[in-house]
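Visitor: Here's the letter readout for the chains.
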Amino acid sequence: MKSAKLIIVLTVTTLLSGIGLSFLNSWAQPKIEAYQQKVLEQAIYDVLPGIEKYKVKEIEGTKFYEGISPEGQTVNVAFRAIGRGFQSELRILVGMDTSMTKILNVNLLQQAETPGLGTKIADDPGADNPAWFMQQFDSLTVAQQDIDYVKNEEPDKENAEIEAITGATISSKSVVNIINKAIDNNRELYNSGQ
Amino acid sequence: MQVKTFKRGTHPPEFKELAADKKIEEIPLPENVFISLSQHIGAPCKPIVKPGDEVKTGQLIAEGEGFVTSQVHASLSGKVKKIDKYPSPIGTKPTMIQIESDGNDEPLQEWTEEDWHKLSIEEMKNRIAKAGIVGMGGAAFPTNVKLSPPEKKPIDTFIINGCECEPFLTADHRMMLENSDKLLEGTRIIMKILGAKRTIIGIEENKLDAIELLNKKTASESNISVQPVKTKYPQGAEKNLIDALLKRKVPAGGLPMDVGVVVNNVGTAIAVPQAVKTKKPLIERVVTVTGQGIKEPKNLRVRIGTPFKNLIEYCGGLTPDTKKIINGGPMMGIAQYTIDVPVIKGTSGVLALTEDITQKAKEFTCIRCGSCVETCPMGLVPTRLVRLIEFDKLNMAEEMGTMSCIECGSCAYVCPSNIPLVQRIKVGKQLINEKNN
Amino acid sequence: MAKKNSEEQRFTLSSSPHLSKEDDVNKIMNTVIMALVPAIAFSVYHFGWDSLLTIMVAAGSCLATEYLIKKMRKREVTDTSSLLTGILLAMTLPPGLGIGFVMLGSVFAIAIGKEIFGGLGYNIFNPALLGRAFLQASFPVKMTTWEAPQHLAMDAKSFATPLGGYKFGESVIQNAGDYIDGLIMGNVGGCIGETSAIAIILGGVFILVKKYADWRIPVSYLGTVFVLGGIFWLISPANYPDPIFHLFSGGLMIGAFFMATDMVTSPVTPLGSWIFGIGAGVIVILIRLFGGLPEGVMYSIIFMNAFVPLIDRYTRPKYFGEVKK
Amino acid sequence: MAKNKISLIKEFTKGLWDENPVLVMLLGLCPTLAVTNSAINGLSMGLAVLFTLTSSSIIISTFRKIIPDEVRIPTFIVVIATFVTITDLTMAAKFPEISKALGPFIPLIVVNCIILGRQEAFSSKNPVGRSIIDALGMSVGFTLTLTLLGAIRELLGAGTIFQIQIMPDSFANWMVMILPPGAFLTLGFMIAGYNWINDKLKTQ
Chain V
1 MKSAKLIIVL TVTTLLSGIG LSFLNSWAQP KIEAYQQKVL EQAIYDVLPG IEKYKVKEIE
61 GTKFYEGISP EGQTVNVAFR AIGRGFQSEL RILVGMDTSM TKILNVNLLQ QAETPGLGTK
121 IADDPGADNP AWFMQQFDSL TVAQQDIDYV KNEEPDKENA EIEAITGATI SSKSVVNIIN
181 KAIDNNRELY NSGQ
Chain E
1 MQVKTFKRGT HPPEFKELAA DKKIEEIPLP ENVFISLSQH IGAPCKPIVK PGDEVKTGQL
61 IAEGEGFVTS QVHASLSGKV KKIDKYPSPI GTKPTMIQIE SDGNDEPLQE WTEEDWHKLS
121 IEEMKNRIAK AGIVGMGGAA FPTNVKLSPP EKKPIDTFII NGCECEPFLT ADHRMMLENS
181 DKLLEGTRII MKILGAKRTI IGIEENKLDA IELLNKKTAS ESNISVQPVK TKYPQGAEKN
241 LIDALLKRKV PAGGLPMDVG VVVNNVGTAI AVPQAVKTKK PLIERVVTVT GQGIKEPKNL
301 RVRIGTPFKN LIEYCGGLTP DTKKIINGGP MMGIAQYTID VPVIKGTSGV LALTEDITQK
361 AKEFTCIRCG SCVETCPMGL VPTRLVRLIE FDKLNMAEEM GTMSCIECGS CAYVCPSNIP
421 LVQRIKVGKQ LINEKNN
Chain H
1 MAKKNSEEQR FTLSSSPHLS KEDDVNKIMN TVIMALVPAI AFSVYHFGWD SLLTIMVAAG
61 SCLATEYLIK KMRKREVTDT SSLLTGILLA MTLPPGLGIG FVMLGSVFAI AIGKEIFGGL
121 GYNIFNPALL GRAFLQASFP VKMTTWEAPQ HLAMDAKSFA TPLGGYKFGE SVIQNAGDYI
181 DGLIMGNVGG CIGETSAIAI ILGGVFILVK KYADWRIPVS YLGTVFVLGG IFWLISPANY
241 PDPIFHLFSG GLMIGAFFMA TDMVTSPVTP LGSWIFGIGA GVIVILIRLF GGLPEGVMYS
301 IIFMNAFVPL IDRYTRPKYF GEVKK
Chain S
1 MAKNKISLIK EFTKGLWDEN PVLVMLLGLC PTLAVTNSAI NGLSMGLAVL FTLTSSSIII
61 STFRKIIPDE VRIPTFIVVI ATFVTITDLT MAAKFPEISK ALGPFIPLIV VNCIILGRQE
121 AFSSKNPVGR SIIDALGMSV GFTLTLTLLG AIRELLGAGT IFQIQIMPDS FANWMVMILP
181 PGAFLTLGFM IAGYNWINDK LKTQ
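Chains as they are written, first to last, in our numbering: chain V, 1 to 194; chain E, 1 to 437; chain H, 1 to 325; chain S, 1 to 204.
Because the hints were derived from the structure by calculation, they are not lab data.
Derived CB-CB ranges, DEER-like:
| id | chain 1 | residue 1 | chain 2 | residue 2 | range |
| --- | --- | --- | --- | --- | --- |
| 1 | V | Asp-184 | H | Leu-286 | 24 to 32 Å |
| 2 | S | Gly-103 | E | Glu-363 | 50 to 58 Å |
| 3 | H | Tyr-314 | S | Ala-101 | 39 to 47 Å |
We treat Cβ as the ideally placed atom computed from N, Cα and C, and that holds for glycine.
Pulled out of the complex, with its shape left as it was, chain V reads as follows (with noise of 0.2 Å):
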């Protein structure tokens, strides 16, 4: 008798939280991965300008998001670079060319860096322009060789150098880095797939 009542609260205890949390999953669950959506696509639409809508295309499940121009051409395109940071996973959503020779634009999606420093390379509170670090490498010209960062001295854009932070070293390194090797394995991947 008495474990029945135990056996009774505890089931309908669990019973009613499930049901209640299932009602509030069907309602939040959209809203959630409508913002998921609206942040990838906030994103595409920022690396890859001069576009009018994007199609999703995978290969050998890499997704490629080719921009479509408002004439209809398949223009540019953008993918995702995903490595180690100092601390934290870094996720960068690269824009090129669709011959792959040239960087249009790069946004950070994700970092979760030493604060004050490596976080640097998403905004840096002290400098003019809070978001100089990833602009960098706005169109850089990649067909010939990798970028390369240098330290304390003007970096040549010509031969695709950006400048690191200072006291950053780290941070910044592993951003040219996973994009440097994003691109290697993409650029074959994505000719191959046309």
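Since the structure of chain V is provided, determine the placement of chains E, H and S on it from the hints.
Guide: Relative to the frame of chain V, chains E, H and S by itself:
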């Protein structure tokens, strides 16, 4: 010759030069002697004379009961004046027999010599017991007890402790030089009593003359050897000396006989032949009166019970800056508040230390420098023990070997924070004893 | 004759021993400070009078902090250890760090690093290193901007250290000549007091000889770095620097001789000292070769400091005649 | 009646000061230390706890008589977990930015000792009204402490409070304050300060 030693230890300034070259002198008979009935650990002896009695030099005046005990004799002839409590150099106020000298020093009997080779071992032991011989290094343990190890523990090596590692003291050194024949005769007697196969005489290398002399004298005896040991404190601590000479470790809580060894002090060995051959009891000993506070440091042969005052006066008195009077050596000796205390059988030295030497600097907190750990001859961690005792963690303190402390004072000597480590460990030992009883 | 009476009273009673070695805490501290003089002198030559100013500000702030806290706790300042802390802290700071930062680090070192635990003898971590760790964590950019030594005419305002150079692929040290002149003599960038190995070793050997530092710690610490660094170098000379470079670069020398040997925060047992030094050495190599930072000396010592009570506990020597139960 | 009213106020204020969950009881330290790198994060975490704690307290104290003793802890946990999930999902849906900042610490409220502790110590033994007051007092105390902790860290670590610049431009941010060690340091000083003030109050 190879110099042996033990692990760790320290080397305080020796100050032996003050009295090392001074020949042993007899001092004039004192007017009064105060003979303590508590010469050693264990129950005090019971007086068998009463005030007003006439006594002769060497007459038995108090007797002890039980196994660990020894006899007390009149050290001069005269009249028993008083039996009362007087301050003793070991810091208590035991009962003492005051004898007023008649100035004649009339012996109880003629002390005729016999050939000890003819005596049985039992008889020799008996004579040593009757003569009231105790360890003269300081602890004053009855010698006859030490010479009667249980049959289960055979003794193979007898060690003469000639280290005299305490700074200032030179009495043993002088005795080795001046009484070497007696020392060797005593050694042979004790070896026979113990049935030991060999004797090692351990002498610190700062007494080279003694080492050479004894080496020469023992050259023909293969079973007696002289072994120089490093000049290091506390080289004369029994367990450390055994470790240095034989590489045998006396187990914690055990005695030297557990590893087949008996150790005797130089003074003790020298006292033995007289007792065995003539039955004359122990009524005098050699005391080093020294220190910067003594005008003319000397080594003196004095009657047991002579007040320190007489010794000091014989040595020219005290300098005005004398700050401390100590019974024994500076490392383990006991500070006295008066110079009226008498010499007891364990008094190896009377030190008068001046302010600049004894000045205790301010105590700091422990900075964990580890000096005490590197010094402790028993391998303890004094700083930790003290902290455990301070916080009443007696079980842990005991487990870490507090009871093994030999109270040599090396830790407190080296401590840069001037923490009285050994004093606190002594308190801890008492607390642990109380707890266990 | 009144003197006769008083004579009996004037003897002091105290427990044995009645002798004591002349060392005391202040003498130790002052000797260690003396031993730092060569390194201080070199830093002045190397980085200019600013470095002396930094040292003086740090030492002054440490003394002042100690005085204020002791006053709050209604105690007296009895030792000069905070002076030493201040000097050591300054030695580990980059030249040209602002006075305000130096003061902040000093206050932190004494207040949080030492006094909060109860003062000298009770602190767990080396106070100077804790002060530096605080500054490093708070102002990482300032703390890793190296001013060029003043007598080396350089255009660049900031200057890479040998270790930073290795980590980020711009080697400062390339040939044998650089070793002697740069690493051993100290003509490289770095913290105020760390660049000249020779000046530090001079002082370090002095305190070792004086026995104011446990020789086992620098020996095991440097030895581990050398051996472990050497093993990696032998495995892959292209990827890892050679052991000599490890030994003489960064703060290893000053760390091994003056920081790790801090009596309060290192083990008291001889075996413990070996373990402490080896542990710290392993951490230095791990951080330098595989970590995110160019230098790991500070963290290696602070990290091992935390283990000292444990090390002491398990490395208690066997006492004389102890029978294992 | 009057007596009851006074004690209700006390029931509320004890959570603010006398039995402050963070400074006195040292409960829920994991979210306390982890999320308070800014005032806004501290406040949001506090509010999330406030909602969870109050709702769970209402449910638990309402049904306190029918929950058998043997299964009370599992029941509490289920109830708490439900409300935490509600908070988590709602925040993710409605305030995705804050939800991202608080990260895994919202789900971790489930094991926050304050909530389970109040159920065990209070709600399961007291009527609904009192339980609500108690829960509000505790969570307001928690929220205020976390906000203050976050504000101090944000001020020293970034020169701002609620993203409003407070410190002059010349101020160099103490980066360590917004890193984990800063949380420990600040909390330590807050507890020291709390005890110091308490001592002063008592001696008066």
